[in-house]
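In order, the protein sequences belong to chains C and H.
Residues 1 to 284, numbered by my numbering, are exactly what the first sequence covers, in order.
Residues 1001 to 1270, numbered by my numbering, are exactly what the second sequence covers, in order.
Treat the hints with care, since some could be wrong.
What the hints assert, rightly or not - Reference listing, derived: stretches of chain H covered by chain C, where coverage requires no fewer than 3 residues with Cβ under 8 angstroms from a Cβ of chain C:
| no. | region |
| --- | --- |
| 1 | 1012–1018 |
| 2 | 1037–1050 |
| 3 | 1098–1105 |
| 4 | 1139–1150 |
| 5 | 1229–1235 |
| 6 | 1259–1269 |
Quick caveat, the hints were computed from the structure, so don't treat them as lab data.
In this text, a Cβ means the ideal position worked out from N, Cα and C, and glycines have one as well.
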Amino acid sequence: MSARTDTATYDLKLALPLAAFFAAFFLAPLFILIFVSLHTDVSMTKMGLTQYAKFLLDPFSLGVLGHTLWIGVEVTALCLFLGFPMAWAYVRSPRWAQAGLVLVILLPLLTSVVVRTFAWIVILGRQGIINTALIELGVIDSPLRLLYTEGGMVVALAQVQMPLMVLPVITALSRLDPNLLDASAALGAGHWRTFRKVILPLTFPGIVAGCLLTYAAAITAFITQTLIGGGQMLFMPMYIYQQSSTLNNWPFAAAISIIFLAAVLVAVTLFNMVGRLSKGYAQA
Amino acid sequence: MQHRYDGPEALSFKIAMWGLAGLCFVLLVLPTLVVIVVSFTSGFSLRFPPPGYSLRWYVALLDAWQLHFAASNSLKIAIGSTLVSVVLGVAAALAIARSERWTARVLDSLFMSPLVLPALAFGLAALMFFTLIGLSVSPLTLVIGHTVVCVPYVVRTTVAALAQLDTSLLESSASLGASRLFTFRRVTLPLIRPGILAGAFIAFMSSFDNVPVSLFLRDARTDMLPIRMWQDLEGRLDVTIAAVSGVLIVVTLALMMVMERIAGLSRRLR
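Please construct the entire structure, taking both the sequences and the accompanying hints into account.
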């Protein structure tokens, strides 16, 4: 036993360089961010909580935060609705099909986000594929406005983040014991019932992991939000960028960032709690 | 046995699942295909389907010096941050992978946190930090910023590779008299190399594609490709961007297939 720990474990000191790197260039900047957010004026002479009050008492700012968090819910729901069946189909496909399918699932993850978003500009545009098809079919006379709408943006975000949902669900589904499904069928349960009572509960931890990644990615997806959402809709990442780079209001930009970070942390904690609860449930 | 699967109940389930999966498949594939088709347009707009086909936008790409400049910057920064990420990340992964100490768990969470936290907030924080300590934005600050957001991928895949390591191999190596360093070089490293490679690849791609950190840590001398493309798209819908996208898609796909072959990429991303 001691021989095993000797050969396979390494000194914790090996983590020191990265830990030091993170302390200097990740944690220290975050503390500076908090420090800057605690200043009342742009020239940063007086300290106070006015930036936070300014955000939290302003219906416009709260609206931006609420809308950003809500977009994440919509995108995650759409990813789950389409991504779960995709993962289910992947697990049931023959091996040769899986090899091709996995490239299809991974390609969006590794292709540049600007490229993926650009694709949606072409698809949703006035002369895009959807408008051309609908006009040719005689459904509409003049092109619909799809770009710069919330619906268009949610679909584009869902495509961009889809792999983050599909991959953890594939892992969860492939760990599922096929005997359980046979047992459920032998006991007279139909497919839908087996799905609800066996497959969903047992893959729930994987679903939660996928939802967490998708949600966090969707609400911070600066490029897709600005290019497909357009100037009409403002979301938290662009709000931070506007305040810091365009208006040079560092204390307010820092406060918005901290509030956004806190909101993401709350969401992550909630997902993790649900995940932990469900793990206990799945094993019981 | 088989007849049970053919009832209307089973059929409705299968139609629903395969139907949604098919829809998802189209959603995943369509955008890439559309970009590739549009990049060969002979026209001046992003009309789909294109009025005719030509290579003119790829030819135009040869003279687009701004894009060349941005691409070469992005490439240099991505190579730099990948190298730093691999050196720091692999060492850290070795330390925390099989350790049961609470410090190892805390470090693991710390190293993974840039994956879920909004990168834009970190980019702003890093800019404030570098301004405060008097370091002006440069390729160095970019490499540092990118490393923070890219190193989690290397740590994650290396930890996963170490967790799957068969310890009896290391024990036999030790019992045959090999030193720890020798065992590491000749047994451990070759076995975890695919994991490290996969992590390095993802780190490289995410650095090359990074916008939220670069947005704050670059200046005119370090224009980055994704930001150049983003700004071009915000201004006017330029067809040259379609050609750049075409090139990026083909290169990504080729690299992915190579990495799938030598590092089993898809298994390591789950």
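Verification of the supplied hints:
Beta-carbon proximity to chain C at under 8 angstroms applies to 6 residues in the region 1012–1018 of chain H; the threshold of 3 is reached and the given coverage holds. With a cut-off of 8 angstroms between beta carbons, the region 1037–1050 of chain H has 6 residues touching chain C; three or more are needed, and the interface restraint holds. With a cut-off of 8 angstroms between beta carbons, the region 1098–1105 of chain H has 5 residues touching chain C; three or more are needed, and the interface restraint holds. Counting residues of the region 1139–1150 of chain H whose CB lies closer than 8 angstroms to any CB of chain C gives 4, so the stated coverage by that chain holds, three being the minimum.
As drawn, the region 1229–1235 of chain H meets chain C at 4 residues by the rule of a beta-carbon pair under 8 angstroms; at three or more, the given contact holds. Given as covered by chain C, the region 1259–1269 of chain H passes the check, having 4 residues with a CB less than 8 angstroms from a CB of that chain where 3 are the minimum.
When each numbered hint is compared with the structure, no violation occurs for any of them.
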